[in-house]
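K.L.:
Sequence:
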Amino acid sequence: MKCRIAVFSPDTKIPNKLLDIGSILWLPLIELEPINGSSIETIMYLKRCPIAVVVSPRTIEILVRDAENNKLMNVLIEAIKRSTVVVIGKGTAESIRNYLQMEPHIVSPKPFTEELMKYLESMGIKCITLFKAEGGVIDVDRYPSMSIYVVKVYRYRVVEENLELVKKLIERRGIDVLAVTSYTIAKILCRKVESLNNLPLAVLGRTTAKAVTEFCRDVDSVLVGDGTIEMFREIIMNICSEARRVFW
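full-length UniProt numbering applies: residue 1 is where the sequence shown begins, and numbers increase by one.
Mixed in with the good hints there might be a few duds.
As the list claims (entries may be wrong) - Taking lysine-lysine pairs in the DSS-like style, the calculated list, with each CA pair at most 25 Å apart, reads:
(1) Lys118 x Lys167
(2) Lys71 x Lys81
(3) Lys168 x Lys192
(4) Lys152 x Lys118
(5) Lys90 x Lys118
(6) Lys152 x Lys2
(7) Lys167 x Lys152
(8) Lys167 x Lys192
Said to hold, decoys possible - The calculated label-pair distances, taken between Cβ atoms and stated as ranges, are:
(9) Asn197 x Pro50: 26 to 32 Å
(10) Lys118 x Asp20: 35 to 41 Å
(11) Arg172 x Glu121: 26 to 32 Å
(12) Val158 x Glu242: 48 to 54 Å
(13) Lys118 x Lys167: 35 to 41 Å
(14) Ser241 x Asn36: 44 to 50 Å
(15) Val107 x Glu164: 36 to 42 Å
(16) Asp141 x Asn70: 45 to 51 Å
(17) Arg65 x Asp226: 30 to 36 Å
(18) Glu103 x Arg142: 14 to 20 Å
(19) Ser23 x Asn70: 22 to 28 Å
Simulated from the structure, these hints should not be mistaken for laboratory data. In this text the structure is predicted, and so the values were computed from the model without any measurement. C-beta: ideal position from N, C-alpha, C; glycine also.
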């Protein structure tokens, strides 16, 4: 019997990276809903502060679509190319290359937004234009030395039908590993599901782990990675190996 891994991210790359480990139950708990006009705000804010901080690969794709819908694609590209572009992670850097045909100026090796913000603050940067989800976890008030212009690119919508299925699978222990990849997903899972039935959680990074600590109940085992997909895979493999040894 294969290890049953529940993946809640809407990003198809996550379950694809885990296919060789076990049987993947891909049940996205959130959908991304684009916010109309994000490209207009981007152009306006980059005139005030030409330092663009992008923390998610999905941001650029949604931003480009919005610019196309508003017939501002050329203006958006020019505004971004005149700016200093700072990104978190290889995936976000690749998104910049694919959609904007340019190289980011800084690719943060740290997979945590808070550490990047502290790094920028330590460099004496006085302002940034930050791209994020509506209701995201970044607390801009923690960085008083910087003026932060926030562009809300998308909002989250809970996929209720998947949530109901997840509740049933957890109750029946039809899952061996809960693969949790973001603060938002952890918050939804832990708030909406009455009990996680002491199933082990594989957690992608420290920000996600913070949500697990704040919101989760009935959790017996939480293994936290360093924010990289490689460590995430290793954690899930270890959980699956233990499950085989104990139960199968």
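K.L.:
Now look at each hint and say whether the structure bears it out.
P.N.:
Consistency of the hints with the structure:
no., hint, verdict
1, Lys118 x Lys167, "violated, 38 Å"
2, Lys71 x Lys81, "holds, 18 Å"
3, Lys168 x Lys192, "holds, 12 Å"
4, Lys152 x Lys118, "holds, 21 Å"
5, Lys90 x Lys118, "holds, 20 Å"
6, Lys152 x Lys2, "violated, 40 Å"
7, Lys167 x Lys152, "violated, 31 Å"
8, Lys167 x Lys192, "holds, 9 Å"
9, Asn197 x Pro50: 26 to 32 Å, "violated, 50 Å"
10, Lys118 x Asp20: 35 to 41 Å, "holds, 36 Å"
11, Arg172 x Glu121: 26 to 32 Å, "violated, 48 Å"
12, Val158 x Glu242: 48 to 54 Å, "violated, 31 Å"
13, Lys118 x Lys167: 35 to 41 Å, "holds, 38 Å"
14, Ser241 x Asn36: 44 to 50 Å, "holds, 47 Å"
15, Val107 x Glu164: 36 to 42 Å, "holds, 39 Å"
16, Asp141 x Asn70: 45 to 51 Å, "violated, 30 Å"
17, Arg65 x Asp226: 30 to 36 Å, "holds, 32 Å"
18, Glu103 x Arg142: 14 to 20 Å, "violated, 29 Å"
19, Ser23 x Asn70: 22 to 28 Å, "violated, 43 Å"
The earlier numbered hints that this structure contradicts are 1, 6, 7, 9, 11, 12, 16, 18, 19.
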